[in-house]
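Colleague: Note that the protein sequences, when read in sequence, are chains A and B.
All residue numbers for the first sequence refer to the working numbering, where the first residue is 1 and numbers rise by one.
All residue numbers for the second sequence refer to the working numbering, where the first residue is 1 and numbers rise by one.
Note that these hints are calculated values from the structure, not bench results.
Since the structure is predicted, the reported quantities are computational estimates derived from the model, not experimental observations.
Treat the hints with care, as some may be off.
To be verified - Sample of chain B residues facing chain A (criterion: CB under 10 Å; computed from the structure):
no.: 1; residue: GLY91
no.: 2; residue: TYR99
no.: 3; residue: THR121
no.: 4; residue: GLN127
no.: 5; residue: ALA145
no.: 6; residue: GLU236
Stated by the list, open to error - Non-contacting residues of chain A with respect to chain B, defined by C-beta distances greater than 12 Å in every case (computed):
no.: 7; residue: LYS32
no.: 8; residue: SER47
no.: 9; residue: ARG137
no.: 10; residue: GLU175
Ideal Cβ positions, reconstructed from N, Cα and C, are used throughout, including at glycine.
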Amino acid sequence: MSFVWTLAEQDGTSLKGVSFELLARGRTLADKLETKLASVVIGGKLSEEQLQELIHRGADEVYYIKNDALDDFVVETYSRILVKLIEQYDPHTILAAATTTGRTLMPHVSIGADTGLTADCTDLDIDPETGQLLQTRPAIGGNIMATIKTPYKRPQMATVRPKSSRPLEADTTREGKIIEVPFEESFVDGRVEVLGYRHNEDEDVDIQEAEMVISGGRGLKKGDNFEIIRKLATRFDAAIGASRDAVDRGWISYPHQVGLSGKTISPKLYFACGISGSIQQLAGIKTAETIVAVNNDPEANIHKIADFSIVGDLFEVLPRLIEKLDENGKKATGGKS
Amino acid sequence: MNIVIPIKQVPDSNKVKMDPESGTMMREGVEAVVNPLDLYSIQLGVDLKEKYGASITVISMGPPKAAKAIREAISMGCDDGILLSDKKFGGSDTWATSYTIAETIKSLPAYDLVIFGERATDGDTGQVGPCTAAWLDVPLASYVASVDAVTDDSIEVERMVEGGYQKLRLPKPAVLTVVKEIAAPMLPTLSGKKRARRTEIPTYTAESLPFEDANLGLKGSPTRVVKIRTPKVSREGRVVHATDGEGTEGALDELIAYLKEKELV
Ligand SMILES: Cc1cc2nc3c(=O)[nH]c(=O)nc-3n(C[C@H](O)[C@H](O)[C@H](O)COP(=O)(O)OP(=O)(O)OC[C@H]3O[C@@H](n4cnc5c(N)ncnc54)[C@H](O)[C@@H]3O)c2cc1C
Ligand SMILES: Nc1ncnc2c1ncn2[C@@H]1O[C@H](COP(=O)(O)O)[C@@H](O)[C@H]1O
Numbered sequence: 001m002s003f004v005w006t007l008a009e010q011d012g013t014s015l016k017g018v019s020f021e022l023l024a025r026g027r028t029l030a031d032k033l034e035t036k037l038a039s040v041v042i043g044g045k046l047s048e049e050q051l052q053e054l055i056h057r058g059a060d061e062v063y064y065i066k067n068d069a070l071d072d073f074v075v076e077t078y079s080r081i082l083v084k085l086i087e088q089y090d091p092h093t094i095l096a097a098a099t100t101t102g103r104t105l106m107p108h109v110s111i112g113a114d115t116g117l118t119a120d121c122t123d124l125d126i127d128p129e130t131g132q133l134l135q136t137r138p139a140i141g142g143n144i145m146a147t148i149k150t151p152y153k154r155p156q157m158a159t160v161r162p163k164s165s166r167p168l169e170a171d172t173t174r175e176g177k178i179i180e181v182p183f184e185e186s187f188v189d190g191r192v193e194v195l196g197y198r199h200n201e202d203e204d205v206d207i208q209e210a211e212m213v214i215s216g217g218r219g220l221k222k223g224d225n226f227e228i229i230r231k232l233a234t235r236f237d238a239a240i241g242a243s244r245d246a247v248d249r250g251w252i253s254y255p256h257q258v259g260l261s262g263k264t265i266s267p268k269l270y271f272a273c274g275i276s277g278s279i280q281q282l283a284g285i286k287t288a289e290t291i292v293a294v295n296n297d298p299e300a301n302i303h304k305i306a307d308f309s310i311v312g313d314l315f316e317v318l319p320r321l322i323e324k325l326d327e328n329g330k331k332a333t334g335g336k337s
Numbered sequence: 001m002n003i004v005i006p007i008k009q010v011p012d013s014n015k016v017k018m019d020p021e022s023g024t025m026m027r028e029g030v031e032a033v034v035n036p037l038d039l040y041s042i043q044l045g046v047d048l049k050e051k052y053g054a055s056i057t058v059i060s061m062g063p064p065k066a067a068k069a070i071r072e073a074i075s076m077g078c079d080d081g082i083l084l085s086d087k088k089f090g091g092s093d094t095w096a097t098s099y100t101i102a103e104t105i106k107s108l109p110a111y112d113l114v115i116f117g118e119r120a121t122d123g124d125t126g127q128v129g130p131c132t133a134a135w136l137d138v139p140l141a142s143y144v145a146s147v148d149a150v151t152d153d154s155i156e157v158e159r160m161v162e163g164g165y166q167k168l169r170l171p172k173p174a175v176l177t178v179v180k181e182i183a184a185p186m187l188p189t190l191s192g193k194k195r196a197r198r199t200e201i202p203t204y205t206a207e208s209l210p211f212e213d214a215n216l217g218l219k220g221s222p223t224r225v226v227k228i229r230t231p232k233v234s235r236e237g238r239v240v241h242a243t244d245g246e247g248t249e250g251a252l253d254e255l256i257a258y259l260k261e262k263e264l265v
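Bound-form chain B, shown alone (with noise of 0.2 Å):
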């Protein structure tokens, strides 16, 4: 079996820093790493090739530097990467990332499923995999939290939707987009790591492959943003404590009223 994992590589929100005065985020020489809602979709291929055996490519867009999450995948046991890197695709969103994306998976000699992260960290979006899927023409389960069965020819996964599971049978090939239930990511082991620094990932660029220009980077892209603006955090902050008895009482008193003008209660 192929699988293919696309990946990115996010700031680390554990690195990122909340200015104390207005409680926003400082990105400022944050430390780059696997988008974490990948690592679920990394392991996910990882288990189901140590169950049924399979090869795993792992694709990652970005910055020159995103070969290291590459690697990172490697290390946790997928077999090889490519990644695609060059100032044309700059500026994609998620209808032109999901096209070069598409573009490249379309271009390997085989593939049996293509497994996507939820959504990343930093666009929050969500949108790539469902959009990979419909310009592949390919089948696709999103939020999958769990794999049943897999066969030569069709996949049974288990949808997490609202209120409950939704069960899937899907013919291979197949594109999923996983939630966090569906495996538990291990770190990389020390073989892992060797074998990452040995392999080699080759770097497409725009001329790669018969990429259409007019689809790539921003060029390709339908939507812009406009406007960026870190919003202020105006909560109210009101503090009571409540470290006795008589503290309690007068907290709770407080609290209620404040829930009754709010009609909370």
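Chain A extracted, bound-state conformation (with noise of 0.2 Å):
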């Protein structure tokens, strides 16, 4: 029986975390399916202990195939290799992450290997009597769930939206192999030229890959406001969110904004202040575990949609929130923290 891959993420000296979580999705299709799960890793100046980690994480195998010319992320390139190897290796299915990088790459494959392909999944199973891949997705601005397969064509090919699965606890009495694949210079396309890349100045912008996201919007008034965010963001080590009111009025840069027009997040928490909750925002939270909201209209719509929302003004709510926070904080240490 053929196997089950993923598509491990690096930025050019570590393995994303992403990378983990599909390793999660993928370990429990390859057991239904009862084949082997293997991880590849293009690129990157990675250690075996790295790539071990991913067999500590549910991988059977991993494929590594690297060179300078393979570290920074060149879609032309990165295709033409998975399109090889899956040529070579024909797996059942692959599983890479609904990042940047996958959902520019793996649109590329499914032409290249001539197959389908589903966007963004936040479910996966298997079909018991047809041992076909079903892929879940939310659509329409996650109003509805539609589920997907590939009947005839092979491999079945899915992204994952981050944060949608937890890794696997690391078992470092898995065995595993790793197999590097030689690389060969026709693999470099060419054609593109990386010319840099610019960090954001801020860190707490990686809203896709937080655990946490406290957002604010246009209740908050002005751009400087956005400190009270900033604080609660840093007592809860949570990035931060914003609504498109908040962006357009250039409180806040446009990577942080949530919503249709903006980032689709899955955080486990997602803390709305001064945001009304319209049809576009929810768009972007749909799957977010847990909603909190403080809006001062009783009326407002995130009031509806909030697991747990306080009515009032988020000027006297969030500070007194941080201090008791800090209180709590200082009893739970005893008062040394």
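Two chains, each in its own frame: build the complex with the hints.
Modeller: This is the structure in structure tokens:
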């Protein structure tokens, strides 16, 4: 039986967390199919130990292909490599992350490998009758859930929403094979030149990878007041989100925007402050585990969709919340914080 | 420079109503509009046209009424359009849609840039752009947030990725998919609207080009939707009031207890 594959992601010197989330998904599928799980790693300067972690967290085999020319993500080159590996090993299923990389690479590969692809899945299963992959994803702003199959073509491919599953605990007794795939010059497409990389100045912007996101909207009244959100975010160790209105007013940069024309996120906690809860904002947070909100308008839509919401003035509620959390923390540590 | 902009017509998210009982969406009779994320690709095309000079062709695949979306793009400053409309195109997934769009682009006399929206707000896949680049075998930059330089034979862009921006130089022709940061869409002008009304929009059917029949529509689509369900919104919906000092203390105690119970603090 052909294998289930996951595509690991690296940032140059380490594996990204989402690589392990994919393995948790892949492990379940491989066990149901009674086949093996392999993880493919393209590029990066990764050590033996780092690759072993893929095995400890669920992989049976790791295919690693490395070369300086592969360190930066260039879709044409990565696509060529993956298509070649698919031709060589004929996997049953490939899971990649629904990140900017996965959502660029996999559609490209779906043409090269002549097969289907389902975007941004939040649930994956095996059809017990046919052994086919059942790929479930939110569509139309999270208002419907569609289950999709790739009945005739192989591999069956899906990108998986980051944070929609938890990695398995590392089991250091697990054993597996690390296979180095020889690099060939012909893999490098060479048409596109990578000129550089500019890091975001603010660190709390990676809202898709964050466990918690504290978000501010027009209710903050002015950009400077994002300081309150920042304080709360520091307290929760959270990333900072924003509504479109806050972004369009120039209070915070676009990478922070949550919603239909921004990012779709699935954190454990989404904390909306001074956000009304428009359809377009909700489109981005449908798969958040828990939604908490503060809004002073009792009629605001956000109160209808939050798990826990406070009708109140954020300028009073939030500073007091920080104080109380600090007091609580002190009590818990016997005052020795 | 010749620019091609594929756009999709989608239901208007502003007009969609929520069923107050189930918290789900009611789509009946919702008006169709240009995919809001395609307004950014259209505007980028128009901005490049103003700066460097260009002719812009809009392509839309959909029912006959999608001609309206093309006219809207023309009223914003695009030059002409092609409507891809045929029952045989119906039921296309991203593989078949991108095949049909790519074949249409190949049939044009020349193109330098193809600009896609990041994703369509109904299907939400964002796959058609990268797939089309693969069919055309033309370099791709996805999630483009700025275009920094355009020369006769190349284009420099910044892609918005996790944690920052990747800067690329691509030879032309190239395919871009763009995010909101790329441009500020402008309303159609009166003269634009007049021009849009006058412009003839040809309809291409499955017979208009040498399409491979087996690649079209549902038949050409490797994926199948097997089930659709409307998720019930199952949020707990606890609302507490913090309208005075005492209320605030009580509300926050409840909130902190709730967060602790969920292991969020
Ligand atoms: C095509 C399209 C795409 C869109 N994409 C997005 C998107 O990606 N993301 C997005 O967010 N929006 C998006 N929108 C915009 C959306 O329709 C709303 O306009 C927007 O979400 C409103 O932002 P807001 O909640 O911050 O502002 P408002 O709707 O103005 O809400 C502000 C809230 O703050 C509350 N408030 C005010 N003062 C206080 C106070 N002192 N304490 C507590 N609460 C207070 C008010 O009661 C109000 O409910 C899109 C719209 C369209 C048409
Ligand atoms: N039917 C279509 N006709 C023309 N362009 C389309 C069509 N569907 C998708 N596109 C283009 O592809 C982009 C991504 O769409 P999608 O992959 O459906 O999310 C859109 O922003 C459009 O630029």
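Colleague: Okay, which hints does this one fail, numbers in order?
Modeller: 1 and 9
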